[in-house]
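Modelling step: build the complete structure from the supplied sequences, incorporating the hints.
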Amino acid sequence: GENVEQHPSTLSVQEGDSAVIKCTYSDSASNYFPWYKQELGKRPQLIIDIRSNVGEKKDQRIAVTLNKTAKHFSLHITETQPEDSAVYFCAASNPEEYGNKLVFGAGTILRVKS
Amino acid sequence: NAGVTQTPKFRVLKTGQSMTLLCAQDMNHEYMYWYRQDPGMGLRLIHYSVGEGTTAKGEVPDGYNVSRLKKQNFLLGLESAAPSQTSVYFCASSYASDRYTDTQYFGPGTRLTVL
Chain A
1 GENVEQHPST LSVQEGDSAV IKCTYSDSAS NYFPWYKQEL GKRPQLIIDI
51 RSNVGEKKDQ RIAVTLNKTA KHFSLHITET QPEDSAVYFC AASNPEEYGN
101 KLVFGAGTIL RVKS
Chain B
115 NAGVTQTPKF RVLKTGQSMT LLCAQDMNHE YMYWYRQDPG MGLRLIHYSV
165 GEGTTAKGEV PDGYNVSRLK KQNFLLGLES AAPSQTSVYF CASSYASDRY
215 TDTQYFGPGT RLTVL
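Sequence order for the protein chains is A and B.
Take the first sequence: its position 10, counted from the start at 1, is 10 in our numbering, and no numbers get skipped.
Take any residue in the second sequence, note its place counting from 1, add 114, and you have its number in our numbering.
Calculated directly from the structure, the hints in this document are not laboratory data.
Careful, some of the hints might be misleading.
Claimed, not checked - Below, simulated DSS-like cross-link-like pairs (lysine-lysine); rule was C-alpha separation at most 27 Å, straight line: (1) A:Lys37 / A:Lys22; (2) B:Lys171 / B:Lys128; (3) A:Lys57 / B:Lys171; (4) A:Lys37 / B:Lys123.
Stated by the list, open to error - Beta-carbon label-pair distances, calculated as ranges: (5) B:Asp176 / A:His7: 39 to 47 Å; (6) B:Thr200 / A:Thr69: 38 to 46 Å; (7) B:Glu173 / A:Lys71: 17 to 25 Å; (8) A:Arg51 / B:Gly165: 22 to 30 Å.
To be verified - Some, not all, of what chain B presents toward chain A, calculated at C-beta under 7 Å: (9) Phe124; (10) Thr217; (11) Phe220.
Just so you know, even glycine gets a beta-carbon here, dropped at the ideal spot from N, CA and C.
Structure, rendered in structure tokens:
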């Protein structure tokens, strides 16, 4: 089955700097890769996703890149702000598998210092 | 439009007690999922359902049962709670497709403590 590894487990950056979180996956048939943000005590919320027919997707200060050959994808946050502090989860899904299940990485705690 | 809701928000059980967590969604989603979240381990799938009357095991199903009697509701049961089941439980739902994976929307979570 699919296995997703996420690095780093914690990341501290100065406000205004960029942050990069990386994930690798094992199932070459996976083709959907969402990123969720979870603030303390809240539910995970989708912030951006990418499908394997594109290599990069951008939404204002956040972007995701995908390298299908190497089986890794990354979240990039530019001009970080204190409100970006949260736990970020990557996930992967193989739609050919029953139930369209997501397999999540272990999460990255991002701290933005002002 | 409430989205995905969960009840209760918090619960404390003694070892051996039973309880049921309720998830409800008003988005007419076919697929529903139950996850548990433990520190440093991300979200792990317990059970899921692809439609009314169907259930299937996820990654960590032992000690849990589920039922999907109505399309909008997905129940998670603990028959005999154990301290290892102390966790935060999240329900999620999504549209169904056999061609692509759609966005999963999460409920607010239930924090369960088993003493």
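- request: Hints the structure violates: just list their numbers, smallest first.
  value: 3, 5, 9
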